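Whole structure, please, built from the sequences with the hints as guidance.
Residue numbers (my numbering), protein chains in the order written: chain D, 1 to 115; chain A, 1 to 111.
Honestly, the hints are just simulated from the structure, not real lab data. Computed from a predicted model, the values in this text were never measured in an experiment. Heads up, some of the hints might be wrong.
Stated by the list, open to error - Label-pair distances were calculated between CB atoms; the ranges are:
{"#": "1", "chain 1": "D", "residue 1": "GLY62", "chain 2": "A", "residue 2": "GLY59", "range": "31 to 37 angstroms"}
{"#": "2", "chain 1": "A", "residue 1": "GLY3", "chain 2": "D", "residue 2": "GLY62", "range": "19 to 25 angstroms"}
{"#": "3", "chain 1": "A", "residue 1": "ALA54", "chain 2": "D", "residue 2": "SER28", "range": "20 to 26 angstroms"}
{"#": "4", "chain 1": "A", "residue 1": "ARG107", "chain 2": "D", "residue 2": "ALA1", "range": "26 to 32 angstroms"}
{"#": "5", "chain 1": "A", "residue 1": "ALA54", "chain 2": "D", "residue 2": "TYR61", "range": "37 to 43 angstroms"}
Ideal Cβ placement from N, Cα and C applies to all residues, glycine included.
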Amino acid sequence: AQSVAQPEDQVNVAEGNPLTVKCTYSVSGNPYLFWYVQYPNRGLQFLLKYITGDNLVKGSYGFEAEFNKSQTSFHLKKPSALVSDSALYFCAVSSPVAGNTPLVFGKGTRLSVIA
Amino acid sequence: GAGVSQSPSNKVTEKGKDVELRCDPISGHTALYWYRQSLGQGLEFLIYFQGNSAPDKSGLPSDRFSAERTGGSVSTLTIQRTQQEDSAVYLCASSLNGEQFFGPGTRLTVL
Numbered sequence: 001a002q003s004v005a006q007p008e009d010q011v012n013v014a015e016g017n018p019l020t021v022k023c024t025y026s027v028s029g030n031p032y033l034f035w036y037v038q039y040p041n042r043g044l045q046f047l048l049k050y051i052t053g054d055n056l057v058k059g060s061y062g063f064e065a066e067f068n069k070s071q072t073s074f075h076l077k078k079p080s081a082l083v084s085d086s087a088l089y090f091c092a093v094s095s096p097v098a099g100n101t102p103l104v105f106g107k108g109t110r111l112s113v114i115a
Numbered sequence: 001g002a003g004v005s006q007s008p009s010n011k012v013t014e015k016g017k018d019v020e021l022r023c024d025p026i027s028g029h030t031a032l033y034w035y036r037q038s039l040g041q042g043l044e045f046l047i048y049f050q051g052n053s054a055p056d057k058s059g060l061p062s063d064r065f066s067a068e069r070t071g072g073s074v075s076t077l078t079i080q081r082t083q084q085e086d087s088a089v090y091l092c093a094s095s096l097n098g099e100q101f102f103g104p105g106t107r108l109t110v111l
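This is the structure:
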């Protein structure tokens, strides 16, 4: 069975500092990995994905994530946080077996960027 | 082009009543998913349609929940005899090649 763990419910960071939101996963075979962001009263917005290839994936709004197979991690990072990055972040995994498959989400991490 | 749309955006109902939630996926997307987002449970998969294949209903929490997808496009999620624990945000997503695009959700409140 697939699973995703986001060990931190809340991450606080000062504006301008680098941020990291952690994610580890468990899946049979090679995973498809995703990060989504949810702003208040909004739907989920896609940030980035890892399917194959370069372990460092760059996405929207200056975010990036690094796929680490040995540590089964896919941490989300940004070099310099903005107050507008404050939101709820979800890591998700799916199995590549059949192409389109449902996502398994982590519980989410609330990021607060303080001015 | 238009994204995934859902209606209504908010629904308040009384315990025991039936509700229908609608999802209009992105045109041409072959896969459609329903998820539920509730406090303490995070985002849970409910049901998944892929083309003309039989839907994957493995995430439905009880037989009060059902969904259909007509003509490979619009989908309706039906909850019969609603319970207070059904209160949540119901999210729909569609995809063509793996990346899922989400609608804004329907917030369901069962009184």
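Here is how each hint holds up against the structure:
The hint said 31 to 37 angstroms for the Cβ distance between GLY62/D and GLY59/A, and at roughly 34 angstroms that hint holds. At roughly 22 angstroms, the beta-carbon separation of GLY3/A and GLY62/D lies within the given 19 to 25 angstroms, and the hint holds. Hint check: ALA54/A to SER28/D, Cβ distance near 23 angstroms, so the stated range 20 to 26 angstroms holds. For ARG107/A and ALA1/D, the Cβ-Cβ distance of about 29 angstroms falls inside the hinted range of 26 to 32 angstroms, so the restraint holds.
Checked against the hint of 37 to 43 angstroms, the C-beta distance between ALA54/A and TYR61/D comes to roughly 38 angstroms, which is consistent with it.
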